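Need the complex rebuilt from these two chains, each delivered in its own frame; the hints are there to steer you.
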Amino acid sequence: DAGVIQSPRHEVTEMGQEVTLRCKPISGHNSLFWYRQTMMRGLELLIYFNNNVPIDDSGMPEDRFSAKMPNASFSTLKIQPSEPRDSAVYFCASSSSLAGSTYGYTFGSGTRLTVV
Amino acid sequence: GDSVTQMEGPVTLSEEAFLTINCTYTATGYPSLFWYVQYPGEGLQLLLKATKADDKGSNKGFEATYRKETTSFHLEKGSVQVSDSAVYFCALSDRNTPLVFGKGTRLSVIA
Chain A
17 DAGVIQSPRH EVTEMGQEVT LRCKPISGHN SLFWYRQTMM RGLELLIYFN NNVPIDDSGM
77 PEDRFSAKMP NASFSTLKIQ PSEPRDSAVY FCASSSSLAG STYGYTFGSG TRLTVV
Chain B
6 GDSVTQMEGP VTLSEEAFLT INCTYTATGY PSLFWYVQYP GEGLQLLLKA TKADDKGSNK
66 GFEATYRKET TSFHLEKGSV QVSDSAVYFC ALSDRNTPLV FGKGTRLSVI A
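Line order of the protein sequences matches chains A and B. Residue numbering for the first sequence follows the numbering used here, beginning at 17 and increasing consecutively. Residue numbering for the second sequence follows the numbering used here, beginning at 6 and increasing consecutively.
Honestly, the hints are just simulated from the structure, not real lab data. As the structure is a prediction and not an experimental result, all values here were calculated from the model. It is possible that part of the hints are untrue.
Said to hold, decoys possible - Below, in silico cross-link-like pairs of lysine to aspartate or glutamate (DMTMM-like), each with a Cα-Cα straight-line distance of 25 angstroms or less: (1) B/K108 x A/E78; (2) B/K108 x B/D89; (3) B/K108 x A/E60; (4) A/K94 x B/E47.
Isolated chain B, as found in the complex (with noise of 0.2 angstroms):
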């Protein structure tokens, strides 16, 4: 079946440094790819998103290209503040079934 595979945290880098978790996914159709984004003590909130190959989702500084050929979703920030501190997770969805969702990476960012 379809499935998530993104990379074990947790990440913790300092302020202002280069984020990048990585995703990769396994699926048997054309998937749409999302990342969410849970803060502590809350639910997941869509962080952004791609329905194509080569499309670029972006929101709050973070962006993920859609890599067909590498079936990968890789999310990345430029410079991250301490506000970023979450829990991250890849997700899909094939032929308008539910999401299929990764098991999350821990991002702590430390002043």
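Extracted from the complex, chain A is given alone in its bound form (with noise of 0.2 angstroms):
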């Protein structure tokens, strides 16, 4: 399996654009979710998906920012419009259960936003 797969990698956008990121999770992976790790303030989760339904957005810090999941291979996070306190890594992660108890969570590489 190639894991999770996320794009771009990297992406400088300017302020007040529309920002997508992309992200596939390990197949028969039935929970995902998007995690954005800064310097000041760590990895926060800001919303997980089960079985391709949102289950908890309450760490999607503003409404600017929103995801989507329309099937089981792919998933989306949207930052609109952008600001430059959206800088961060952001990541994506798959696992076969909410607790990732018996695997764990597989993460992807990771989109590092730039906004200038």
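This is the structure:
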């Protein structure tokens, strides 16, 4: 398996532009998670899905952030409009269960977003 | 709510030194405990886990023992290598809810 695939790896955009981050989870995993990592806040859980259904989006910082999972093999995280404080590394992870008790979570390599 | 507290870094060690990274947790239930590792430019990877009291998780020379009486899951390695330089995250899961991560501890090993 190729693992969790995220694209793009790097994104530089201007303030006010729309940004879309993409994630392909591991086939057969039914839980998907979006995290944001910054030096100041560490690793933050933004939203997670179970069987393609959003379960908890309380970690999404503002209404500018939205996430979708139209099918079991694809998810997007969108920021519109983007702001410089959104600059961070965004990770997608998938798992065969919410808690990942058996095999843990598999993380993608992340998207490094820079908003100028 | 559930939480994980791990020692602040960075930790800098010489090659072949002994490593301990402390981790304590707070949970209402009976959680599973994990250590994840993040190498530069990569996502987190599961390093080891333990699912019940007194269980010892181990992998790549790293070990951690689930201590319910002290609510701890300290990570240890007898002899670190330069290649172990990374950020280490302690985490827990409780009652089939998403993992709760600590803030991470950066380890630098110098030759």
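Tested hints:
no.: 1; hint: B/K108 x A/E78; in the structure: holds (22 angstroms)
no.: 2; hint: B/K108 x B/D89; in the structure: holds (18 angstroms)
no.: 3; hint: B/K108 x A/E60; in the structure: holds (9 angstroms)
no.: 4; hint: A/K94 x B/E47; in the structure: holds (22 angstroms)
The earlier numbered hints are all upheld by this structure, with none contradicted.
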